[in-house]
Amino acid sequence: MFKQKQLLLGMAFMLGLTPAMVSAGQEVNLYSARKEKLIKPLLDKFSSRTGIKVNLVTGKADALLKKLQSEGINSPADILLTTDAGRLHRAKSAGVTQPFFSDKLKKAIPSQYRDASGHWYGLSLRARPIMYVKGRVNPSELSTYEALADSKWKRRICIRSSSNIYNQSLIASMISANGEKATENWAKKFVKNFARPPKGGDRDQIKGAASGQCDIAVANTYYLAGMLNSKDKKQRSAANKVAVFWPNQNGRGAHVNVSGAALTKSAKNRHNAVKLIEFLAEPESQLWYAQKNGEYPARPGVKMSSTLLSWGKFKADNLNLVNLGTLNPKAVMLMDRSGWK
Amino acid sequence: MSAQLKVKNVSVAYDGPPVVNDVSFSLDAGKIGCLLGPSGCGKTSLLRAIAGFEPLVAGEIILHGKKVSVVGDTVPPEIRQIGMVFQDFALFPHLSVKQNIAFGMRGKAKAIIAKRIDDLLELMGLKEFGEQYPHELSGGQQQRVALARAMAPKPEILLLDEPFSSMDAELREQLAYDIRGVLKQDGITAILVTHDQIEAFAMADEIGVIGEGRLRQWDVAYELYHRPADIMVSEFIGLGVMVSGLVLENRQISLPFDGTIGPAPFSCEAGCTVKVLLRPDDIIHDDTSPLTLEIEDRAFRGAEFLYTLKIPNGGKILCLVQSHHDHKIGEKIGVRLDVQHLTSFPEVDCAACDLSQCKSHPTQG
Amino acid sequence: MEKAPKTNRSKLSGNWWSVGTSAMAAIFSIPVLVVLGFLFVPAGEIWSHLVDTVLKDYVLNSLSLMLGVALGSLLLGVGTAWLASMCSFTGRGIFEWMLLLPLAIPAYIIAYTYTGMLDFSGPVQSALREAYGWGYGDYWFPEIRSLWGAALMLSLVLYPYVYLLTRAAFLNQSLCVLDVSRTLGNGVWRSFFTVALPLARPSIVAGLSLALMETLADYGTVQYFGVSTFTTGIFRTWYGLDNAPAAAQLSAMLLMFVLILIMLEKNSRKKSRYHNTSQRHQAINRIPLKGWKNFAAVLYCGVAVLFGFLLPAGQLVIWTFTISEESIDGAFFDLIYHTLLLGGLASFFALLFALFLGYGQRLHNNPIVRLSVRLSGMGYAVPGTVVAVGVIIPFAWLDNTLDGWMRSQFDYSTGLILSGSLFALLFAYLVRFLAVSLQTVEAGLGRIKPSMDEAGRSLGYSPNEVLRFIHLPMLRGSLLTALLLVFVDVLKELPATLILRPFNFNTLAVRAYELAADERLADAAPASLAIVAVGIIPVILLSYSITRSRQSK
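Residue numbers (our numbering), protein chains in the order written: chain A, 11 to 351; chain B, 11 to 375; chain C, 20 to 572.
By construction, these hints were calculated from the structure, which means they are not laboratory data.
Check before you lean on any hint, since a few could be wrong.
Claimed, not checked - Think about it this way: if two alpha-carbon atoms lie no more than 27 Å apart in a straight line, the pair counts; the simulated DSS-like pairs of lysine-lysine are: (1) K75/C with K202/A; (2) K198/A with K468/C; (3) K351/A with K468/C; (4) K114/A with K55/A; (5) K340/A with K468/C; (6) K164/A with K198/A; (7) K164/B with K468/C; (8) K468/C with K199/A.
Unchecked claim - FRET-style restraints, in silico, Cβ to Cβ: (9) P217/C with E138/B: 36 to 46 Å; (10) I556/C with D113/A: 48 to 58 Å; (11) L79/C with E292/A: 21 to 31 Å; (12) D160/A with W167/C: 41 to 51 Å; (13) D160/A with A315/C: 34 to 44 Å; (14) L79/C with D160/A: 51 to 61 Å; (15) E292/A with Y151/C: 53 to 63 Å; (16) G156/C with D113/A: 52 to 62 Å; (17) D160/A with Y151/C: 46 to 56 Å.
We treat Cβ as the ideally placed atom computed from N, Cα and C, and that holds for glycine.
Full structure from sequences and hints, please.
Set out below in structure tokens:
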């Protein structure tokens, strides 16, 4: 059954397939929290233009961060890509990133979307506005996130679980703006307005609103974009029933988070890595990024898709994104206390 | 003839008091020995120690001149050159009869193996079954395959662990004789473990009776029956009951229902009570005898009745009577004692007796 | 005394097994121990927060979920196993293997498909609304995304463990025992409850404990259904609260659940050492079911197959061919190849180590070996991500230490040798799934009477040769079962694969997950369907091998 010869053969096979050491040659290694489908085509384009091979491993941001931390100076990763500024900040505090400066990036990315000391650069914006069912809610009834705690919304709001990072970031931004005490009071009332216990993803909230379970959904725009452009007729018709409302336009602006990239401390292909990040900030890449993902380009002035344009311009919350990372634990505990499942 | 197996002061224990305690015996080449005793007496543990499955806590085992077990060092079973037949036969279900028999003979030339298999199948009367699988055979056939498999490599010694326990009662004795024949024909030294004395008598040259972990007596069957070494052996071997008797001034033993029957053990002083072994064949039915005893129970055995008779002090004795003497329960019949081999032991609570002496020197009338 | 040297060698080999099993157990417990190591890192005031707010939910929900899955998988698994092995009814031969098929569907995927079907906006409710002209709130419809829904989903895909092991037990039961019961005046059904069921109990409990450990480790389903359990709690604490020590401490609590489970299971097995006493198995005379009984049997098995496999697989097929923007292209073959490679290697090595541990335990059944074997199987109930982190930390440490030493001694950098290699990933799989093959191998070994070993030894075979020439051939069915179960598990495994895989190395599960996590369920369908398709083959093989092993006995 298990002769030694076969065993050795198996081992050799295994080790032969062990690309642990990818260093020499024109390469750059990427740890990405962005899903392969949503980044690979862009990377392929980069490779074909520059001849630099991009090695990719995707995963959940925290796990990748843990991996990076454990591997230390020998980590093969050159770039850490995350879909949330909080995680970029965590990576910076964990000491696994290094600062770098690039004129191209400085010009391309507005200062509020990048780390002041150059540890990371934002690449796209993910906005989390309020969505309402056309006909059942008059946009004039809506104003701010804060106003959603009003009792007139009782049993009318769909929002996903507090385990989700988008909600955690949203609450972190509110703590940053209004303080912890006020936000907790708000959350307690807000939770009472839920139409159903939180479950499912953002699309499920939009579907819930469209099907009449609730009148308001809080969701990220790119999910709505995905539904609008879906091949599935039902998804399209559900998405068409709701409209986007940009809250807090007279105040701090709608909540946004950024996806972005950092250069790792252990980067062995530093030059190539910087080149890749610069490439991702080019208008053409930014356009693809925005279109493919339904996100807003971080670079101003990039042409947007008709779907994004249809929702109109909005003012984004200009708080320091680092706060999203530092206040995240506080936000989770606050939601725990307020009974937000 | 040199001893093929020597067991010297062997003790075996599993986390606790020894289950085999200071056992010694030896067995000559070509002889068939038997370890006989009630279940749980330690006989199987002793056999497994000889096989090398159990380490010793005291003593040593010498097989064919080689020390195979001493305290702290046990030659593993696979290099002892033993053969073993298991209670459940342990035939390999994935191998045919022939493959089972060949299993222990690897390394030998093909022709030799084939010849040996044929010989054994012939010997066992299994010629037509060589290609069949164990589950296709009857119990008796499986048993013979197991024996053939154990004998095939010509082991130094063959160990049989209750090999007949799953057989029908009437088959056992016949099988035991058959197998004895086979072993003798091959000149194999063997040890059988059993709780059935009929099997032991039918098969073994020498028998060791084991009780509570100790070897009580190592002897031929006749001696075990007629000259048992202690009360345990007396009670275990053959039919019979122990009856209390009183030692008189003249050192004769007197029974409560009959006169004196013979001398008491050496050290038992007058006034002590002793236990006397009375076997059914010691009690003769005699209508003319003045001694009559009431029948408490009876068992029909074809040629004979085995009567259980009440004796005056509340005990009972057994009496074997030809079956045309058909007496009812409750009747009184006349009997007389005819004790050819008087076996008696001092009673345990006999203060005047030196027990250790008594035990090893039962009186023999 | 010419054989004296051999004595020593054999004694050494005995020690080798003992030391070997302990060493192996130690190695496979490293990831779990690393995680438990965080127990000694103070977690701050977070615990009073957890106790005040969410801990009660975690405990209650986890317990309720286990209870639900236990009921569900017993209900679906035991009855179908009895019907498929002991009765004859219409389509029995087909049901016999189809009942195993749900094993090929990952729990989170079945959860997505049922949500798609039963959701408010799904086809079922839409049809109801259309038919009766209802609107939202006009009618009551069970909410699938709930605790009971999660228990149902998990039961539907986990009952095959119970079915598989229970059926094997029924098939192996000596029919004599059943016959005896029936001659004693017990009817067939009474005999089932009074004799067959108690005899099969160790196998039922073994299957159930596998199902429950999977339940505890499940993340995808409960997360999607919004049910807070220990697993979701661990991630929330780790990611959301950024508090790794507290997350590890929650993991430790989870492990206590597992230990209790393992102890219960061991206990139930101890009471009956269940090698068959009878050597002979007759061909099974299946009890023929006629009329309504036949109908009921078909319905019972049909329900399990329909809801556990046909409906969800059908939904995947529909998504794949109607609305998915993904297509099955050339890149798919790479995914399938990677998936098969990992599954093949992992199941082979898991079997190898399980045999080593199981046989070591048989040879040297002392407390240390027993404990070692139990420890090696703990990883099964630990969520994959936690195992992965437990693998990353020690591997990276080892690599970096070696690298540092080489640099200082020889001025040569070895970099990371193990981390980021397939080796690390395979190791994580073994930690995670060793319990599955161990369970199967142990059950198989338990059915071989000790006298078989001794017969082999007395015929001149060393313990290792006994394993090779007696046990392996006799265990063929169990070995295949172990191999295939781990294979199917690896096929479905996601979190550890995600973190530990090397660069540019994708599997079907990763592909399916990435799209599903992006809430593009329909787009995830082709990859999910491929997992199911690849998984079906071993599942059918498995069923075939069990039937055959019974026949050849």
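Quiz item: Which of the listed hints are not met by the structure?
Solution: Of the numbered hints, 2, 3, 5, 8, 11, 12, 13, 14 and 17 do not hold.
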